[in-house]
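Engineer: Residues per chain are reported as follows:
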Amino acid sequence: MTTLLLAEHDNSTVKEGTSRALTAALALGSDVHILVAGKDCAAAAQSASKLAGVATVLHADGDSLAHQLAEPLAALIVSLAPHYDALVAPATAVGKTVMPRVAALLDVMQVSEIVKVVAPNTFERPIYAGNAIETVTSNDAKRVVTVRPAAFPPVAEGPAAPIESIPAPQASTQSSFVGAELTRSTRPELTSARIVVSGGRAFQSAENFRKYLEPLAEKLKAAIGASRAAVDAGYAPNELQVGQTGKVVAPDLYIAVGISGAIQHLAGMKEAKVIVAINKDPEAPIFAIADYGLVGDLYEILPELERAL
Amino acid sequence: MKILVGVKRVVDFNVKIRVKADGSGVDLANVKMAMNPFDEIAIEEALRLKESGIATEVIAVSMGDAAAAETIRAGLAMGADRGILVKAEGRLEPLAVAKALAAVAKKEQPGLVILGKQAIDDDANQTGQMLSALLSWPIATFASKVAVADNAATVTREVDGGHETVRVTLPAVITADLRLNQPRYASLPNIMKAKKKPLEEFAAADLGVDVTPRLTVTKVSEPPGRRAGTRVATVAELVGKLKEAGAL
Numbered sequence: 001m002t003t004l005l006l007a008e009h010d011n012s013t014v015k016e017g018t019s020r021a022l023t024a025a026l027a028l029g030s031d032v033h034i035l036v037a038g039k040d041c042a043a044a045a046q047s048a049s050k051l052a053g054v055a056t057v058l059h060a061d062g063d064s065l066a067h068q069l070a071e072p073l074a075a076l077i078v079s080l081a082p083h084y085d086a087l088v089a090p091a092t093a094v095g096k097t098v099m100p101r102v103a104a105l106l107d108v109m110q111v112s113e114i115v116k117v118v119a120p121n122t123f124e125r126p127i128y129a130g131n132a133i134e135t136v137t138s139n140d141a142k143r144v145v146t147v148r149p150a151a152f153p154p155v156a157e158g159p160a161a162p163i164e165s166i167p168a169p170q171a172s173t174q175s176s177f178v179g180a181e182l183t184r185s186t187r188p189e190l191t192s193a194r195i196v197v198s199g200g201r202a203f204q205s206a207e208n209f210r211k212y213l214e215p216l217a218e219k220l221k222a223a224i225g226a227s228r229a230a231v232d233a234g235y236a237p238n239e240l241q242v243g244q245t246g247k248v249v250a251p252d253l254y255i256a257v258g259i260s261g262a263i264q265h266l267a268g269m270k271e272a273k274v275i276v277a278i279n280k281d282p283e284a285p286i287f288a289i290a291d292y293g294l295v296g297d298l299y300e301i302l303p304e305l306e307r308a309l
Numbered sequence: 001m002k003i004l005v006g007v008k009r010v011v012d013f014n015v016k017i018r019v020k021a022d023g024s025g026v027d028l029a030n031v032k033m034a035m036n037p038f039d040e041i042a043i044e045e046a047l048r049l050k051e052s053g054i055a056t057e058v059i060a061v062s063m064g065d066a067a068a069a070e071t072i073r074a075g076l077a078m079g080a081d082r083g084i085l086v087k088a089e090g091r092l093e094p095l096a097v098a099k100a101l102a103a104v105a106k107k108e109q110p111g112l113v114i115l116g117k118q119a120i121d122d123d124a125n126q127t128g129q130m131l132s133a134l135l136s137w138p139i140a141t142f143a144s145k146v147a148v149a150d151n152a153a154t155v156t157r158e159v160d161g162g163h164e165t166v167r168v169t170l171p172a173v174i175t176a177d178l179r180l181n182q183p184r185y186a187s188l189p190n191i192m193k194a195k196k197k198p199l200e201e202f203a204a205a206d207l208g209v210d211v212t213p214r215l216t217v218t219k220v221s222e223p224p225g226r227r228a229g230t231r232v233a234t235v236a237e238l239v240g241k242l243k244e245a246g247a248l
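Chains A and B supply the protein sequences, listed in that same order. Using the working numbering, the first residue of the first sequence is number 1, and each one after it goes up by one. Using the working numbering, the first residue of the second sequence is number 1, and each one after it goes up by one.
Calculated from the structure, these hints are not laboratory results. Treat the hints with care, since some could be wrong.
[Said to hold, decoys possible] Taking lysine-lysine pairs in the DSS-like style, the calculated list, with each CA pair at most 27 Å apart, reads: (1) B:K107 / A:K221; (2) A:K270 / B:K219; (3) A:K270 / B:K196; (4) B:K20 / A:K116; (5) A:K270 / B:K145.
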């Protein structure tokens, strides 16, 4: 049997989360087909076909799929399900929304946000904000799995796999797209950046958050993240939140500035290779997991750090 | 319009959990329990819809053993009108809970079901989406703003790149994200009043729900730990160490 992987894409290219989830999908041991569902997304299907290890790309294109709404997308995946024994997606906003809907329609219990494939039906996944790791075996006839992208490396580029066009589903009468406010940034994406600089409540204002973090991020070609406290206080937009309920990142270098280190924040970044903590409170819990800790005033340290790089 | 809100009893979010030495699970003996924080936000949103005249009744539903009634009472103390407890023992998976909620929704015919986006114990993030599928209703996950008018809900959602707004026809399922609202505290008089509010109980089997788990948990372990590294005194020393480690 075969595994179906739902691609995360922006209609022109597949996101890196797809490539990382493909590593997990291939670990299930079967051929992997990638579903690229969207509107005018032929280019994304092309980019999916070049991910090493993909057997076939299914390309569904139509108005009903333009905004990845859960209802038509789940209907499409369910219609393909008889040909597959595992249905996989990266645990992104789209994957997290659509896959449980697919699972329930198939009467399958989903395994969420796996971080390791132990066997084709056995997985490790974090629970309690990453404070425990659960090993679970699925006893269902099919497996529905979401993959935490940060836990798997991306695949290399490979020879182009064949692309097969399939019909788009009917639009839902129950749900429609109204609009989106998406942040455009020239910086790398938070979840796939090699370096992340993250700010907390210590910045005291949105102006300071930008004024002190952006030059450093620019210099390091880093993505910017934020703690929940900084987002709740309005210093940073929600899509920058790193943590249990925000984004989970595993960069080579994570620089936490003015972040105390609440459990729920650590859940989102403790898999980083190297962690630097800059905080004026020497007792801040973030220092307990940081490889390098610097106690001091961020308003002095950040400009100095930027100059030193 | 009735609103059904799912509430789950979980380990209080301030508690640092301990994994049992034999790897069989997380030690829940004598641990402080509380309502899942996202479910408090769901209750709050339902109460606000009632206070603004859109909803007529807020029903708090939970599934679990007798102790889950405490969590329903906490919802009633916040202001929900009545409670429903679907009794079941043992480990309950989101699919089983979604089936129980679907059975309750078929009896109660709410216009809206609001759930927390995920529970802070199993971090599954599934129940609302599954419920919407079982009822053939639309779903709006990760809500940061909800407006109900003309038999539809316009929901602003927190998505990976920012915000997205969708419109779903009612009845619908909405899952609450962190910034939807700031839940109220229950006042002492309301806690007293909550004790007298009606709380109905059903057995899961009476609702035709099979709660047999589909997943077998074979092991629960501590995550690999991280140790504190070194403290550096100056920015220059920090940059030096990072270069040495190949991180820059």
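Engineer: Taking only the CA atoms, is the gap from B:K20 to A:K116 under or equal to 27 Å?
Structural biologist: Holds. B:K20 to A:K116 sits at ~21 Å (cutoff 27 Å).
Engineer: Given the proposed pairing of A:K270 with B:K196, does the C-alpha separation stay at or below 27 Å?
Structural biologist: 46 Å, violated
Engineer: Check whether the Cα positions of B:K107 and A:K221 lie no farther apart than 27 Å.
Structural biologist: With Cα atoms ~56 Å apart, B:K107 and A:K221 exceed 27 Å; violated.
Engineer: Please work out if A:K270 and B:K145 have their alpha carbons no farther apart than 27 Å.
Structural biologist: Given pair A:K270, B:K145 is violated - Cα atoms ~31 Å apart, limit 27 Å.
Engineer: Compare the distance between the alpha carbons of A:K270 and B:K219 with 27 Å, and conclude whether the hinted pair is satisfied.
Structural biologist: 22 Å, holds
Checked against the numbered hints given earlier, this structure breaks hints 1, 3 and 5; the rest are met.
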